[in-house]
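As a plain string of letters, each chain reads:
Protein chains: 2
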Amino acid sequence: MKTAHRITALKALLDEAGIDILIVTNLLNIRYLTGFTGSAGTLLIPSSSRSADDFGLLFTDGRYREQAALQIDESDAQVAIQIGSARKQFEQSVLFARGSSIIAIEADSTSLALFNQWSEAMEQTIVPSTVKIEVLRRFKDETEVSQLRTACQIADTALSRVLPKLSDEPTENEFATELDYQMRMLGAEGPSFETIVASGANSSMPHARPTDKKIVEGDAVVIDFGATWNGYHSDCTRTYFLGSTPSDKFERIYSAVEQSQIAGVSKTLLEMEISSIDKACRDSLAGHQLAEFFTHSTGHGVGLEVHELPWVHSESNSSLALGDVVTVEPGVYLPGELGVRIEDTIAITQAGSECLTIISKSPLIS
Amino acid sequence: MKTAHRITALKALLDEAGIDILIVTNLLNIRYLTGFTGSAGTLLIPSSSRSADDFGLLFTDGRYREQAALQIDESDAQVAIQIGSARKQFEQSVLFARGSSIIAIEADSTSLALFNQWSEAMEQTIVPSTVKIEVLRRFKDETEVSQLRTACQIADTALSRVLPKLSDEPTENEFATELDYQMRMLGAEGPSFETIVASGANSSMPHARPTDKKIVEGDAVVIDFGATWNGYHSDCTRTYFLGSTPSDKFERIYSAVEQSQIAGVSKTLLEMEISSIDKACRDSLAGHQLAEFFTHSTGHGVGLEVHELPWVHSESNSSLALGDVVTVEPGVYLPGELGVRIEDTIAITQAGSECLTIISKSPLIS
Numbered sequence: 277m278k279t280a281h282r283i284t285a286l287k288a289l290l291d292e293a294g295i296d297i298l299i300v301t302n303l304l305n306i307r308y309l310t311g312f313t314g315s316a317g318t319l320l321i322p323s324s325s326r327s328a329d330d331f332g333l334l335f336t337d338g339r340y341r342e343q344a345a346l347q348i349d350e351s352d353a354q355v356a357i358q359i360g361s362a363r364k365q366f367e368q369s370v371l372f373a374r375g376s377s378i379i380a381i382e383a384d385s386t387s388l389a390l391f392n393q394w395s396e397a398m399e400q401t402i403v404p405s406t407v408k409i410e411v412l413r414r415f416k417d418e419t420e421v422s423q424l425r426t427a428c429q430i431a432d433t434a435l436s437r438v439l440p441k442l443s444d445e446p447t448e449n450e451f452a453t454e455l456d457y458q459m460r461m462l463g464a465e466g467p468s469f470e471t472i473v474a475s476g477a478n479s480s481m482p483h484a485r486p487t488d489k490k491i492v493e494g495d496a497v498v499i500d501f502g503a504t505w506n507g508y509h510s511d512c513t514r515t516y517f518l519g520s521t522p523s524d525k526f527e528r529i530y531s532a533v534e535q536s537q538i539a540g541v542s543k544t545l546l547e548m549e550i551s552s553i554d555k556a557c558r559d560s561l562a563g564h565q566l567a568e569f570f571t572h573s574t575g576h577g578v579g580l581e582v583h584e585l586p587w588v589h590s591e592s593n594s595s596l597a598l599g600d601v602v603t604v605e606p607g608v609y610l611p612g613e614l615g616v617r618i619e620d621t622i623a624i625t626q627a628g629s630e631c632l633t634i635i636s637k638s639p640l641i642s
Numbered sequence: 277m278k279t280a281h282r283i284t285a286l287k288a289l290l291d292e293a294g295i296d297i298l299i300v301t302n303l304l305n306i307r308y309l310t311g312f313t314g315s316a317g318t319l320l321i322p323s324s325s326r327s328a329d330d331f332g333l334l335f336t337d338g339r340y341r342e343q344a345a346l347q348i349d350e351s352d353a354q355v356a357i358q359i360g361s362a363r364k365q366f367e368q369s370v371l372f373a374r375g376s377s378i379i380a381i382e383a384d385s386t387s388l389a390l391f392n393q394w395s396e397a398m399e400q401t402i403v404p405s406t407v408k409i410e411v412l413r414r415f416k417d418e419t420e421v422s423q424l425r426t427a428c429q430i431a432d433t434a435l436s437r438v439l440p441k442l443s444d445e446p447t448e449n450e451f452a453t454e455l456d457y458q459m460r461m462l463g464a465e466g467p468s469f470e471t472i473v474a475s476g477a478n479s480s481m482p483h484a485r486p487t488d489k490k491i492v493e494g495d496a497v498v499i500d501f502g503a504t505w506n507g508y509h510s511d512c513t514r515t516y517f518l519g520s521t522p523s524d525k526f527e528r529i530y531s532a533v534e535q536s537q538i539a540g541v542s543k544t545l546l547e548m549e550i551s552s553i554d555k556a557c558r559d560s561l562a563g564h565q566l567a568e569f570f571t572h573s574t575g576h577g578v579g580l581e582v583h584e585l586p587w588v589h590s591e592s593n594s595s596l597a598l599g600d601v602v603t604v605e606p607g608v609y610l611p612g613e614l615g616v617r618i619e620d621t622i623a624i625t626q627a628g629s630e631c632l633t634i635i636s637k638s639p640l641i642s
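Here the protein sequences come in this chain order: L and V.
Numbered according to the numbering used here, the first sequence spans residues 277 to 642.
Numbered according to the numbering used here, the second sequence spans residues 277 to 642.
Among these hints, one or two may not hold up.
[Unchecked claim] When the alpha-carbon atoms are kept at most 30 Å apart in a straight line, the in silico DSBU-like pairs for lysine-lysine are as follows: (1) L:Lys441 / V:Lys490; (2) V:Lys408 / L:Lys364; (3) V:Lys555 / L:Lys364; (4) V:Lys490 / V:Lys278.
To be clear, the hints were calculated from the coordinates, so they are not data collected in a lab.
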């Protein structure tokens, strides 16, 4: 995988922030910067001003010797691989950091215990990093959009395969298990998160976990699910009604959420303010006197994490840019009674805005 | 769930260590101490000397209001539940800690970023805790052994259901997916870890991940898997040979590993030194000139984590005690050729040593 451009961008950010070396401990950030997917590793990245062609160092242990060599093109990524114990890693890091003064470490992914070890080992004081690699990860390149597209396709196909089983009245747990099974059989590493299958009154809880309740005729069923493909996550929600004649209330709520979601998606355009997506969804629901029942945020970025930058809410002061991939997921929840949520994932690409989750939104299953 | 005895034990440890208040951030430790399973929470526990009947404080957010009330018997656990924002949590903690001088925090599960927030919020200096709740978690009570027994039974049953499918020559990925599916259908929350199905030459890699390689006649197949039940993990490995006439080499290696594993299990007795389990396994393999091919450690404790205290290796200076639940899992790996591993989970109970993983070890599948 070509990752040189990502490391170059990071080196420039470090330079601006006055950081000479960044210690990267978040494994997803290491994967993003180098392509390495091992479960143990630490990456040292020097700023561009230290020396434009100074290589970074990736430390990992003997289990990953072959894998690291296979996954990282050292000259492309400008990263040298070092295999060894934690002690060797600290010794090498001391040498590497000679002549540098500001050493920063990722503060969210470094435990206090590990921070204390680094502080003891190094000659310099180590500070929490003000540079966030997550900010770079927000803007996906074409390879990443392609991975996300595949993840979404797998999830769509899996749901379309298991949807007919809804009429067999499975339990929520059984249906979630079938859906996860199909995603894996289609090549996914696993679900993106714990699949939500919430039926009847359970659908009114936005974060419901599947239970042993049977899904029966007359139930609304919220299905919020995703597949992981090469580390990239999909995220999609559909709401169904089991039976041929939905209640008036279901029809009214469903139609309002559908309009709200379309209103939000219509704002997922290059350079549009992100807060306007949130506003469009909420204004639309307000038109049906349902705004108060939309009790969570409107969306989020999707990538190596299922929830990442940018956050789609009213206080965002950012605009959509090339490479943003965001969800739009308004919902209405009537406590103890009924919930409806519809969610798509949209990528902002050179060719325009692309909805990656394309399974039908037709809600009736009989 | 009755957890008062766990909190009482912790309070005494804090007292011995001279810690007035421990800030618990590890969610598994919070679950262990209180029964609360939410995905966000912080627990403050005062030492027994501060005041024998001082309640602890569990902070969590609004999503978990009902769940926390349902899961925690406040008077039994001696923990008061407080719902609110991070800011409110810090304000309440300052009040709670008035008059205390030594405040410690769990160093492995607290990020540098969170530690800095706590340090800013509190009047006292916060230090990394020298008391490890993981040490208490090592010794399971009867309820916990019962959860582990169920987890092992689910895994056993699932494997016995899918084993006949081996002769259909599925891919490693397909077989792993079927096994995970059956565990969930039997009520597991999920697999205990990423299921290992390693066939043919792949079996020689102890940590192989399932691939799209077909499992074919003449293959050895290592299956290392477990189920999670109420948060408790099972862990079991079986090795099979697909075909009616195993190679001489497979028979020789399998028989050696089997003897080694039996030798190790025979040492899983109350008060036995843990290092002697390791020694028994390695000595047995040495008798077949195979010791050098056993390249990982012999076992580990199992509980709320699939790998936890006690570690079963030659340098252990601990002995088995009531409530220990450990794996015994010797293996022999001939690089690029063949691997065999056999693993059971054994509980040290009042009634004696109980093997929780009881699925047959007969290796031939045809």
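Results for each hint:
1. L:Lys441 / V:Lys490: holds (29 Å)
2. V:Lys408 / L:Lys364: holds (27 Å)
3. V:Lys555 / L:Lys364: holds (29 Å)
4. V:Lys490 / V:Lys278: violated (48 Å)
Violated hints amount to a single one, hint 4; each of the other numbered hints is respected by the structure.
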